[in-house]
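J.: Read off the chains here:
Protein chains: 2
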Amino acid sequence: MQSFFKPKSVAIIGASREEGKLGHIIFRNFFDNGFKKLYPINPNADEILGIRCYKSVLDVKDNIDLAVIVVPAKVVFQVLSDCVKKKIKSVIIISSGFSEVGEEGKKLEEQLKQLISKSKTRVIGPNCVGIYDAYSKVDTLFLSKVRCGRPKKGNISFISQSGAVGSTILDILYSKDIGISKFISYGNGIDVNESELIEFLGKDKTTKVIIAYIEGLRSNGRIFLEKVKKVKKPIIILKSGKSNKGTKAVSSHTGSLAGSSRIYSAAFRQFGIIEANNWEELLDYSIALSTQPSAKDNRIVIITDGGGFGVLATDEAEKLGLNIPEPSEKLKQRILQKMPSYISLHNPIDLTGDANAERYKIALTECLSSKEYDAALVIPLFQVPTLEEKVVEHIIEAKKFGKPIVVCSVGSDFSEKQNKKLIEAAIPVFPTPERAVKALRVLVRY
Amino acid sequence: MQSFFKPKSVAIIGASREEGKLGHIIFRNFFDNGFKKLYPINPNADEILGIRCYKSVLDVKDNIDLAVIVVPAKVVFQVLSDCVKKKIKSVIIISSGFSEVGEEGKKLEEQLKQLISKSKTRVIGPNCVGIYDAYSKVDTLFLSKVRCGRPKKGNISFISQSGAVGSTILDILYSKDIGISKFISYGNGIDVNESELIEFLGKDKTTKVIIAYIEGLRSNGRIFLEKVKKVKKPIIILKSGKSNKGTKAVSSHTGSLAGSSRIYSAAFRQFGIIEANNWEELLDYSIALSTQPSAKDNRIVIITDGGGFGVLATDEAEKLGLNIPEPSEKLKQRILQKMPSYISLHNPIDLTGDANAERYKIALTECLSSKEYDAALVIPLFQVPTLEEKVVEHIIEAKKFGKPIVVCSVGSDFSEKQNKKLIEAAIPVFPTPERAVKALRVLVRY
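Residue numbers (my numbering), protein chains in the order written: chain A, 6 to 451; chain B, 6 to 451.
It is possible that part of the hints are untrue.
Remember, identical chains collapse to one label, so a pair may be satisfied in a single copy or spanning two.
Pairs of lysine-lysine, BS3-like flavour, derived with a Cα cap of 30 Å [said to hold, decoys possible]:
{"#": "1", "residue 1": "K112", "residue 2": "K343"}
{"#": "2", "residue 1": "K60", "residue 2": "K125"}
{"#": "3", "residue 1": "K253", "residue 2": "K343"}
{"#": "4", "residue 1": "K426", "residue 2": "K26"}
{"#": "5", "residue 1": "K395", "residue 2": "K26"}
{"#": "6", "residue 1": "K376", "residue 2": "K253"}
{"#": "7", "residue 1": "K79", "residue 2": "K324"}
{"#": "8", "residue 1": "K125", "residue 2": "K91"}
{"#": "9", "residue 1": "K60", "residue 2": "K208"}
{"#": "10", "residue 1": "K426", "residue 2": "K157"}
{"#": "11", "residue 1": "K237", "residue 2": "K41"}
{"#": "12", "residue 1": "K238", "residue 2": "K301"}
Derived from the structure by calculation, the hints contain no laboratory data.
When you get a sec, could you build the whole thing from the sequences and use the hints?
T.: In structure tokens form, the structure reads like this:
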């Protein structure tokens, strides 16, 4: 598997001189990213971007670690055969026109499967966008960077059955400045599938959290769950095709069976997989898990200067079964010694409409240093005039207590500026109290 | 009520020369917004920003339409008495320190109530941020514009019991460039409360949709529902204090009884109030209702080039009881005559990964001009290279069919640019398929 992500030599089969063509964009990615041993394969061209073209991978004398295939479906069998002969370890088939388009495509796909089963070549695809690795800069995405940004380095890895959903979420990660390690779109998954990818990412050093968009499993359900069980990292899955109509839509979209939602959900729970209900949850949970320690128990404290947001958070926390205990009398006394008597010392702790940063510091320090709370939800409303910007520093300082902290904060430029500072210091910030509480629940559960 | 929103003359009681003080910020708002008949009331100042100060409203010879009170709680009774004597029609009491802080404050509040009950003066507040009217530019918000933006003119009006939640949502509306008509934070609501405000907004010409954040009703529940029933505009409410702990938190936050969530939800449904579960839904629904016609029936068509997003939308639509019928054979034939045979002509209609703008035009035109569909959910994934920007124009053109259209689209700069064009043309755009479907359901139900 390593040669998919850290190839020393790469062949692009179907590399093209025409800008805008997929074979050009992919070749250009590798070229721009500084890959030196690069072999464009195109029987009708002499050179692309000054690099000599070959008619076939068999004409290349060097070893080839990775081949990327971008030729019409009908030609794929032939060029893949060449790859097998050349003993290329890893092949990504970008081309579409296989089982997803009907009977004829299914036959072509079967031929590929048989070819692979007799070889040592490993294949990702077909009908996929392939790989983006933020560290090694392998980038087989045929989407221009103008339309689809590439996220910076980070510790989340992401596998997606669907190329479109995958690249859209990748573009969102980029726009939100969230780093990733590896992105893999595996499409029809005729060889490498979600099971093997999750197993691989489980051992990957730069991957801390694994997220996945799955329509229907490409692998046997039992094998999938067994592999998942062995992975000691959080796995979050967005599963589509949960309804009757949705299942039918999955079938016409990817030709895979989606299966009953309830069976999936039950299995996910049993095997410690975190289920996301939409892509917002997929990212919310992955950000929380990749930045925060997990909570020892479920006793959370909510600290805010916006009473209403505190109440909304409380509603959600109770709904999700989190424990929101009041501070003990002793703890209340410790806090009250340093604060005005009119603050509301229940849980949520409402620092009231004239709160300043100092009150946040006191509440955070006393609550998180005590044995009464396992995690904190902080809701600073920056619209309020008395709250100084340095509250951000106090929240960041509170990381020293080693307990998870999540923040709910939202607004226009001023608030966004504060949120950015928090995010850069690895404190997750959510726009609604409900989303913050859901993320906290995941930290408590995991 | 009109003199609250279109006062010809305004007194600011507690106007201050010190920048940063609430009494200064509020005075400055009126000054900057061009109010000519402006009377700062402050016994210790001669003039503020060059405007002559008065010791009391009783010293002002002109009529005063609106007085804004920003003095310490203990002085409020005296200055309010002066307002009553002066026969000022409308008074906004910004000051806090009443029933929300305990027994002593409750007594002060009772005194105010008795005073008002014997007069013709109407009062908003106390313990509130008051009014922002995007048309008349009445702006009693003591929050600097740097921290809390003021939305542009629009047709949504927003009432909020909580000043902090209210101003945060106002700031969000500003950041999302969503226009409003009126914003009213009514705080402890000792005179004007949510019932009267909704009744008033029901008749307000620049208000098309009413949204509200409510913790506990200030008015009698039956009166509230009777008034609501008479309003022929959509009303969307975000109700907090739904859980046991949340109810308790409401009580310490505003001193009002929150009441059982189930009772509220049932009453809301019965009286045609749309319930939002978080502020995102509050805004999503208001944007949909303020820009789109309502749907005649519940048959929706989902059109996309990203199969996966189509499936997620389908899952949500089925869950919410929307009807997602396949096109009839006749309609399929009409569409197929103009499109490649490999597009997936079920519902969702998947225009596949090489979709262009023309395919969207054909699908939108054929489906929305037919009698088979009442509304459309369009999910263009702009990350896909073949989809030209002009798809935006085709979606906007489809408004001519007079049926609701909502869009799900998300991504970095390129996608955001397209989304902005749609939003400017009054097509609502949502980041997740699930949120788009929920908004569509509201259009179907209303």
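J.: A separate judgement is required for each hint: does it hold in the structure or not?
T.: Checked hints:
{"no.": "1", "hint": "K112 to K343", "in the structure": "between (75 Å within a copy, 28 Å between copies)"}
{"no.": "2", "hint": "K60 to K125", "in the structure": "within (23 Å within a copy, 92 Å between copies)"}
{"no.": "3", "hint": "K253 to K343", "in the structure": "between (61 Å within a copy, 25 Å between copies)"}
{"no.": "4", "hint": "K426 to K26", "in the structure": "between (40 Å within a copy, 28 Å between copies)"}
{"no.": "5", "hint": "K395 to K26", "in the structure": "between (51 Å within a copy, 20 Å between copies)"}
{"no.": "6", "hint": "K376 to K253", "in the structure": "between (51 Å within a copy, 24 Å between copies)"}
{"no.": "7", "hint": "K79 to K324", "in the structure": "neither (54 Å within a copy, 40 Å between copies)"}
{"no.": "8", "hint": "K125 to K91", "in the structure": "within (11 Å within a copy, 94 Å between copies)"}
{"no.": "9", "hint": "K60 to K208", "in the structure": "neither (37 Å within a copy, 76 Å between copies)"}
{"no.": "10", "hint": "K426 to K157", "in the structure": "both (17 Å within a copy, 28 Å between copies)"}
{"no.": "11", "hint": "K237 to K41", "in the structure": "neither (36 Å within a copy, 69 Å between copies)"}
{"no.": "12", "hint": "K238 to K301", "in the structure": "within (17 Å within a copy, 49 Å between copies)"}
Figure legend: structure checked against the earlier numbered hints; hints not met, in rising order: 7, 9, 11.
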